[in-house]
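Student: In case you want the letters, here they are:
2 protein chains.
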Amino acid sequence: MTEIFGTIAIVGIGHIGSSISRRVKRDGLAARVVALETKPEHRQQALALGVVDAATGDAAEAVRGADLVIVCTPISAYPAVGAAFAPHLKGGAIVSDVGSVKQAAVRDLGPLIPAQVHFVPGHPVAGTEHSGPGAGLVDLFDGRWAILTPPPGTDAAAVEKVASLWRAMGSAVEIMDPGHHDQVLAIVSHLPHLIAYTIVGTATDLEATLQQEVIKFSASGFRDFTRIAASDPTMWRDVFLNNREAVLEVLQRFTEDLTALQRAIRWGEGDKLFELFSRTRAIRRSIIDAKQA
Amino acid sequence: MTEIFGTIAIVGIGHIGSSISRRVKRDGLAARVVALETKPEHRQQALALGVVDAATGDAAEAVRGADLVIVCTPISAYPAVGAAFAPHLKGGAIVSDVGSVKQAAVRDLGPLIPAQVHFVPGHPVAGTEHSGPGAGLVDLFDGRWAILTPPPGTDAAAVEKVASLWRAMGSAVEIMDPGHHDQVLAIVSHLPHLIAYTIVGTATDLEATLQQEVIKFSASGFRDFTRIAASDPTMWRDVFLNNREAVLEVLQRFTEDLTALQRAIRWGEGDKLFELFSRTRAIRRSIIDAKQA
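Read top to bottom, the protein sequences are chains A and B. Our numbering puts the first residue of the first sequence at 61, with every later residue one more than the last. Our numbering puts the first residue of the second sequence at 61, with every later residue one more than the last.
Watch out, some of these pointers could steer you wrong.
[As the list claims (entries may be wrong)] Here chain A is said to cover these stretches of chain B; the calculated rule only asks that three of the stretch's residues, wherever they fall, bring their Cβ under 8 Å from a Cβ of chain A:
(1) 118-128
(2) 241-248
(3) 251-258
(4) 310-321
(5) 337-349
Calculated directly from the structure, the hints in this document are not laboratory data. Ideal Cβ placement from N, Cα and C applies to all residues, glycine included.
Just chain A, with the same shape it has in the complex:
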């Protein structure tokens, strides 16, 4: 692969940040990768794993001379971390991120970006339930989507450069309006996580013996929810706090649909149940056809 950037600074070397740096290093997509990381143990771990060339807790040092800065922290850290590194960016640099709520990235990072720096918010639709630099995967983005939400008027060459990095990491790139992104993700990601957290939480509240049996017989459906509900709590708290309106709206639809199903069960309306349970098979087939299964 050819080098796309000189120096990349990764802000927050966790699951996603470390997956990016692993891929960039393996394929030589940048000459140098620096981590800006507040946790000393994560800095040490990233260096020990050899996934970055340098790691520091000093924002000025981290972004000095960086051609691309990718913010990979939870969304709640954006204002502080952005304020810390933004004044030290060089002219012509690009700032991007990987956060799951794009309106929040525009709101919290946008105003901090100096005039001569390009801002290309992004979101790789990928990830596992694991956290930390040790959980990074070099092939995490292969065959997945990376959504970019550049503000109107963003330099096209800067957008294309960020897009080419994601393509080099194996992803297909989609350009989207941040508000639309947040609405789509509320459906495909935020609601599923909220539901999974709830159902696993409901099971957590059961008396101890029943809970043991839930664990024992979890292969019958429950297990699939626990994987999702093991995702990083800070990241997900921030998602729900920052995509509140879209999540509440889709949650309202879901609750209505669930109430209708509940009513059909209570009144023994078999035909209604059968009809719904048949309809949902079509979406699964579409996902398999779209090679996202």
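Model the placement of chain B on the given structure of chain A, informed by the hints.
Tutor: Relative to chain A, chain B alone:
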């Protein structure tokens, strides 16, 4: 492996029935496997796949001389199918089933079983979202649980014989009261399926362009629900109609918990969200420790 039964009759040669017959044939767990199947195309398919020795739509012919009859149809078919084969059972035979609601099996099959025949209802906690005889898997029960719910006073030797068949097919066997089984399964299996059907149904109702995007970006959580929601509609209609009370009770708990989460999102209660999202990780760890992940 040693032969456990002379002749086994499988009533309904679909995903589960065909998985049993494949394993029994491969490992020689019975001298002969006969399918009782109303659909001619499934009879043909099962014979063509070589997973049964004979296939018929005639109940008397199917169970004549059978040492074990395993009912693998949807629960709604139990009364008719049971009435059809029960008069032709030989003395000392055992009747079992694989249905997901054990009180329904006791209610619908129990009264039909002749005095000299043993009744050992069962439920293998295993399965995929696929249907039909072609979807059978020889290793479907490996490392999974098989729950037996024999009525009080059932011949211990008959129970042990059925248990030994499941063990030979790779499962661990648990004996349980049918009501308790239905309560546990309402939590670990029926509620997760209901939720998955609902969320996928909610997505199905979206306008066409949004639905295309849901399919495109489904890897971010939604996808895991679609697999569950692609399960057999007849089977699941029957589960909800027949385990109504237990499902409605756990659904009520779930809805309360979801409402609490919704409220925390609306009011921006980050600490509450973080605390719940942290608690749910523990259950995932328990499932991994229990080797059910």
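Student: A separate judgement is required for each hint: does it hold in the structure or not?
Tutor: Status of the hints after comparison with the structure:
1. 118-128: Violated, because only 0 residues of the region 118-128 of chain B bring their Cβ atoms closer than 8 Å to Cβ atoms of chain A.
2. 241-248: It holds, with 5 qualifying residues against the three required.
3. 251-258: Satisfied; 8 residues make the cut.
4. 310-321: holds (count 8)
5. 337-349: Answer holds; 11 residues pass the 8 Å Cβ test.
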